[in-house]
Amino acid sequence: MNEITESRKPPLATTGILGWLRMNLFSNWINSLISLFVLYVLIQFIPWILNWTIFAADFKYNFNGAEITDRTMCSRVLDPENGGACWAIIYVRFYQFMYGFYPRDEVWRVNLSYIMLAVAVVPLLFDKFPFRKHFLKFTYVFPVIAFFLLNGGLGLESVSTNKWGGLLVTLVLGCTGIALAFPLGIVLALGRRSNLPVISMMCTLFIEFIRGVPLITLLFFGMVMLPLFLPEGVNMDGLARVLVAVTLFQSAYMAEVIRGGLQAIPQGQYEAARSIGLSYWQMNMKVVLPQAIRISIPSIVNTSIGLFKDTTLVIIVGLLDLLGIGRGALADTTWLGLAYEVYFFVSLVFFIFTFAMSRYSLYLEKKLKTGINMGAD
Amino acid sequence: MSEDSIISLQNVNKWFGDFHVLKDVDLQVKKKERIVVCGPSGSGKSTMIRCINRLEEHQEGTIIVDGIELTGNLKNIDSVRKEVGMVFQQFNLFPHLSVKENITLAPIWVKKMPKAEAEELAMQQLEIVKIPEQADKYPGQLSGGQQQRVAIARSLAMKPNIMLFDEPTSALDPEMIKEVLDVMIDLAEGGMTMIVVTHEMGFAKTVADRMVFMDEGRIVEQAVPEKFFNNPKSDRTKLFLSQILNH
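Protein chains in written order, with the working numbering: chain A, 8 to 384; chain B, 1331 to 1577.
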């Protein structure tokens, strides 16, 4: 009996590293050719890029050991053949890249906000986080604390937003935009599916209008036209006006993403929720939305990454985000010509954030797939 | 309506677009009565019982459940839904909640019951449907029969006076049908008012006080099971029974 039921190991050639290579890279001659070509390109390219960015690069000192203070001291200007990147421009202007023109004496407030942001966001992202419930209370009050910390008030010296810049502006726009657009998007998505024609029409109109317009147009709208709608004498902060535009833009996209998730929820879920007596809001909050949002996570993260990158457009209306500070640095005559370094650094910072977001979305998808089998059949 | 009816449908008509699904339906159900509704597919059985807790809206006639008339009045609808439990063909458990959370959801949010009390209640209901050991699993980890029993427990947790069953065993594999029917028989013996849409004629013979046969949106025949099965009056009932019993 054992002879029949005993399971055997799979053939050696299909497992392990060799098996993987055989199956994935060298399964037929076209694949093998492509694999070899890609390998060749990588071998040519990787050492060169490592050399340029790290081994032959200047950080604070050039190859003579002198501290770099302008472009003429960069190794790659002195010796174009062998010199690598000149990171000194980033080093010298690092403060600006991170904080813009935030007063140095007050910069601890930004740093504290960054740390608090991490404390507020991490428990939100991982449901196994110890004492998560207590941390989440902090997450709710964090925006208020951050507002007073960054902006001033309550005894702290006021720092006008036109001094904010660099990563600070990028993060404020990205985080606030995403955080505000999420609930707004949910309301819009529910509204668009509402049985009440007036509400449904208003939501549809809003969503379609915002989606039909480029973000830049909305930014101009926020900058130029929003003040016209405000009562006389009320002066809205420039950053706040841009935030309104960014949030409206993002909420329209978020609404469509969540609406897609809502459409995937079977009618039976609504009926079951209704039949046990749940009200409209209870049904949505407890039964429908948790499932719909779960389905939409990849798209939610996708649009969030999109927004995070789109915040660079604020340069058009005169805000200096990370990219804006980079362009400012390039315009400085002492550092002329170091565009590679600046754009590389700016890209790297953006990449770190967006890559983290995309990894997190993958992690969530995997977790939810293993935990719960959505839908009975 | 007669005085002792807990559910009363009078001259109920309903259309899906131009399609006339319910035609002058009259049905009186007494307290603790067990009704089995049968008929060919598309005959309006499901639609009729879905009108009783207003998952479907009827356009003409009156439906009165436990003294409350079903109209557009949302308050009335809410109070009727608290009285009436419903079990669906596709179970419709909430896949993102554990078995226990599925059952405690409505007691906690609709009846504002404290969580601990609701969980105790959930365990009692799971005992009734004989699967207390599955309390912490998710619906996707259960068999169809187990899921349907959880769905019954979820309805029972709201302590309804009336239970509606919409083809509760039609989506189940044959070996699981019995475990669900057993639970339903227990319920019937406990004195629950039940309206069951089903093709399980064995079940009907054991528990039904009355059989209701529907065809093309009309109630064609109502009778006690013995009469219904042995001596059906209308030709359509005869044809239906011959098809369903001799397959």
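Hint data in this document are derived by calculation from the structure and do not stem from the laboratory.
Beta carbons are placed, not taken as given, at the ideal position from N, Cα and C, and that holds for glycine.
Heads up, a few of these hints could be off.
Said to hold, decoys possible - Facing chain B, a subset of chain A residues (Cβ under 8 Å, in silico):
(1) I272
(2) G275
(3) E278
(4) A279
(5) I283
(6) N291
(7) K293
(8) P297
(9) R301
(10) N309
(11) T310
(12) I312
(13) G313
(14) K316
(15) T319
What the hints assert, rightly or not - Pairs of lysine-lysine residues, derived as BS3-like cross-links and limited to a Cα-Cα distance of at most 30 Å, are as follows:
(16) B:K1563 x A:K293
(17) B:K1445 x A:K144
(18) B:K1557 x A:K293
(19) A:K144 x B:K1442
(20) A:K140 x B:K1441
(21) B:K1360 x B:K1557
We went through each hint and held it up to the structure:
no., hint, verdict
1, I272, "violated, 10 Å"
2, G275, "holds, 4 Å"
3, E278, "holds, 5 Å"
4, A279, "holds, 4 Å"
5, I283, "holds, 4 Å"
6, N291, "violated, 12 Å"
7, K293, "holds, 6 Å"
8, P297, "holds, 5 Å"
9, R301, "holds, 7 Å"
10, N309, "violated, 22 Å"
11, T310, "violated, 22 Å"
12, I312, "violated, 25 Å"
13, G313, "violated, 27 Å"
14, K316, "violated, 31 Å"
15, T319, "violated, 37 Å"
16, B:K1563 x A:K293, "violated, 49 Å"
17, B:K1445 x A:K144, "holds, 21 Å"
18, B:K1557 x A:K293, "violated, 47 Å"
19, A:K144 x B:K1442, "holds, 23 Å"
20, A:K140 x B:K1441, "holds, 25 Å"
21, B:K1360 x B:K1557, "holds, 19 Å"
The structure does not agree with the numbered hints 1, 6, 10, 11, 12, 13, 14, 15, 16, 18 stated previously, though it agrees with the rest.
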